[in-house]
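Enquirer: The residues making up each chain are set out below.
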Amino acid sequence: MTRKQLRPSLLSRRSLLRGAGTALLGAAGVGLVPGRFSRLLLPEGFGTASAAEDPPHDLFFAGTDGWMWLPETPAVGHFHPDVLAPPPFTTYIFGFRNVTGLTPAQRAAQKLKAQHSAPIWWVPQYDGTNEFRVALTNLGLGIRPDLTDAHTVHWHGFRNVVPFFDGEPSGSFGVPAGRVFVYAFRPRHPGTYMYHCHVEDTEHVQMGMTGIVFVRPLQDGNTALYPSGKYAYNDGDGSTGFDREFVMFLSEVWAESHWCDAHIQLPEWSDYRVDFGLLNGRVWPDTIAPNGSIDPFHPVTDASGDLLPPGGIERLKYQPFSSLVTCNAGERVLLRFANLGFREASMATVGLRLRVVGKDATLLRGRDGTDGSYEAQHLSFGAGEAIDAIFTAPPHSGGSGPDVYVLHDRAYRRSDHAAGGNAGGRRTEIRVFPPGTLPPQGFPNT
Amino acid sequence: MRELRTPLLRCTTLLLLPAAWAIAPAPAAAQAVGVACTTAPGPNPTFTLRVSDGYIQLPDGNTMYMWGYAPAGGGFQHPGPTLCVTAGQTVTVVLQNPSPRPVSIVFPGQEGVTADGALAQPQLDTGGTLTSLAQAAPPGGSVTYSFVAARPGTFPYHSGTDPLTQVRMGLFGALVVRPGVPERAFDRPDSAYTAGEEFMLLLSEIDPLQHYAVEGGLPFDPTTYKPRYWLANGRGFPDTIADNGVPWLPTQPYGALARIHPWSPATHPLPGVVRYLNFGSENYPFHPHGNNGLVVGRDGFALEGPLGEDLAFEKFAINVAPGQTWDVLFQWHDAESYSPGNPVPVTVPSVANLQYGMFYGGSPYLGSTGPLPPGASTLNQCGEYYIITHNHALHQLSAWGGVVMVGPLTYLRIDPPQPNSCP
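Those protein sequence lines, which keep their order, are chains A and B. Read in order, the letters of the first sequence are residues 39 to 484 in our numbering. Read in order, the letters of the second sequence are residues 12 to 434 in our numbering.
Keep in mind the hints are simulated off the structure, nothing from the lab. As the structure is a computational prediction, the values presented were derived from the model and not from experiment. Honestly, I wouldn't trust all of these hints.
Residues from chain B that keep clear of chain A, each with C-beta distances beyond 12 Å, as calculated [claimed, not checked]:
no.	residue
1	Thr50
2	Thr59
3	Tyr76
4	Gly84
5	Gly85
6	Pro111
7	Ala129
8	Gln134
9	Leu135
10	Asp136
11	Thr140
12	Pro150
13	Asp173
14	Thr176
15	Leu229
16	Phe231
Stretch-level coverage of chain B by chain A, calculated; a stretch enters the list once three of its residues show a Cβ under 8 Å from a Cβ in chain A [what the hints assert, rightly or not]:
no.	stretch
17	297-310
18	358-372
19	414-426
For glycine and all other residues, C-beta sits at the position ideal for the given N, C-alpha and C.
Whenever a hint applies, use it, and build me the whole structure from the sequences.
Expert: In structure tokens, the structure reads:
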């Protein structure tokens with residue numbers, strides 16, 4: 039369907055040309071269009087949309103569909119587990135994959151191999167030189183070839199964004215199947231953000247094209263304010279210094295909508311409910327299972343470019359992120375929360391006090407420097423909201439093994455809260471070891 | 012999933028959007044978008060509101076029977092008139108009630124409200140059961156409320172009588188109390204905003220079955236309440252971006268488009284303000300793209316400490332609770348100043364390699380337009396930017412029957428710096 043010229047102004051030369059192009063397209067098809075138009079209409083080859091002189095991108099993501107695993111019981115009507123799911127999986131998803139460093143053939147082979155949640159990545163704050171570039175390609179949908187959905191990367195919360203790099207497809211554009219677009223980011227504000235595809239966003243977000251991105255502050259490396267030299271923000275006083283960091287990404291699965299997408303049906307979105315509340319793409323007890331390949335800059339794959347099952351657990355092959363928190367007594371631990379479910383969550387610790395130092399990628403500090411951080415047991419936040427909270431690991435009790443503290447979503451109302459002892463599926467453990475037990479952290483969530 | 016959304020959006024936008032800009036008379040920009048005040052003369056204004064009913068249009072093509080507060084001399088509208096007063100004024104609101112049921116108004120955030128001269132108080136029947144949160148106007152009668160609008164801020168007003176029915180049927184509106192100094196959200200100098208950049212996002216929801224029941228005089232079981240529509244300023248996208256008072260939305264006078272220029276230290280140093288209100292039954296997490304709002308007030312209280320310390324904070328998720336109001340300053344900086352002379356640091360793909368949106372002008376640059384795919388067109392007028400702002404409980408960006416990308420979403424329109432070629 040062709041969009042009509044809507045401007046009230048007189049027809050410009052451009053619009054006349056457009057009209058001519060439309061007529062030619064409609065009458066004769068692309069093959070008969072004169073040279074100038076046919077060049078416009080022919081897509082560029084896969085992976086070549088960036089001209090050779092562009093700087094290399096830092097990350098390369100692919101949007102596609104796939105399958106993941108959620109506990110089969112309790113079943114959710116005939117929607118879960120999905121009878122179409124290839125064993126051992128249960129749930130149809132859309133998602134991003136990190137295809138950085140893969141060959142074009144390996145990249146293309148990742149169609150129908152989406153993961154959830156999306157790759158975790160982080161960016162140093164822009165210092166005038168270190169622009170960060172993310173390429174996105176669209177591998178198409180393996181289960182739904184009838185859908186010609188574009189994909190985008192929307193960096194949720196990026197200040198002063200220009201539409202060109204916002205990934206909101208009505209104000210700019212989406213990336214159709216087979217094409218590549220490179221987003222260039224100059225993030226000037228440290229903190230925890232999230233990202234997602236913004237095409238048909240009710241559907242693509244629910245289907246799993248969601249994850250966390252965060253920005254490291256320029257203050258990083260200054261060991262005078264905090265010994266580790268690692269900070270959540272440019273605080274100037276070390277108050278957001280930490281020894282370890284863990285992302286806690288909240289998403290939700292409404293089984294009916296996932297089933298509908300796999301079975302060529304449309305859900306009634308006002309019927310929305312949460313069947314599964316996920317933590318980093320998994321539910322308890324998988325939340326404490328090992329990580330897969332999570333270093334975004336050095337992804338590990340098999341020869342075909344596919345993911346490897348975390349810890350050999352085949353059903354978690356496309357859910358690579360562990361939520362297990364491990365730390366030594368006395369260390370400061372930063373928890374980076376972001377919620378791209380549609381409902382509110384109330385993340386609570388049992389036995390630990392959290393200090394909320396930032397929200398929505400903003401240090402909690404008034405314009406006159408007044409400290410707005412606060413201590414909390416429960417972190418209540420809504421869809422699209424991010425919270426940075428720090429706890430200091432309490433002294434170890436002296437017994438053998440780590441002391442264990444639970445972190446879970448206190449909003450009990452979801453079917454997966456029957457999982458593993460009726461304390462919620464969106465749950466993980468914080469394990470505190472005696473001082474000096476664990477070496478310094480290499481990557482977030484390790 | 013494209014097959015359902017596309018025809019709807021295209022039809023509605025083809026019919027409605029261009030007309031918003033092309034056909035509508037050209038009132039001053041401050042009236043076309045932004046808070047459209049109903050004011051009353053004198054140092055102590057008196058407003059007359061009349062209980063009325065009528066229909067609104069919904070983005071899936073449905074219409075909905077509503078109740079509302081009509082302004083003096085006006086017909087039914089949804090939501091009720093935005094009453095604007097100045098702090099310190101004694102405000103009088105006369106409620107006329109030609110309906111067959113008692114109706115009242117409560118003014119959360121106002122203290123010492125009187126009804127016909129007596130303190131506004133909960134009303135009980137002889138059995139001790141609550142009949143109204145304040146004295147009501149009886150059927151065919153009236154009641155006069157009065158209060159001193161003591162402090163600046165954004166406040167709701169709504170029916171206190173049978174609110175599970177009357178509020179949900181639409182008997183609500185916004186009260187804006189401005190400080191004595193113009194263009195400030197509060198008395199604080201750091202709450203100053205740009206004249207003409209005062210916007211409202213009044214959020215609400217509708218369970219159509221309740222409205223059908225009321226319209227048909229049938230009983231409705233409130234335990235079955237389930238909203239199926241969500242609205243901003245009484246409209247769903249794409250109607251949200253039409254101007255205030257467009258003739259094809261005769262009962263939904265309030266647009267939700269924000270229109271600003273980029274920040275400029277010399278010519279545009281101050282932010283705009285958005286006044287959020289929630290008349291629904293759950294928190295609405297509103298997400299303005301590209302703009303961390305600076306939350307300077309909630310419930311009409313400036314965020315400050317006992318000694319005036321600044322407790323304002325930035326947010327990209329404005330999570331407004333039922334009945335709550337938030338006052339949020341915002342501005343957009345052209346941080347990278349991308350332009351044809353300072354191009355984006357990526358090769359701009361050819362038009363065949365992108366799927367273009369209806370607000371995109373074909374160029375990455377503010378104030379520029381560029382090539383579009385042959386046959387394609389745009390609503391973009393002068394290379395302005397459109398940056399979305401929407402409820403992030405994304406299932407609420409829908410209308411009954413599976414229509415998506417509607418509901419409480421609107422755009423921030425950023426015009427190129429002046430002088431520009433924008434209409």
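Enquirer: Checked against the structure, which of the hints given earlier come out wrong?
Expert: none
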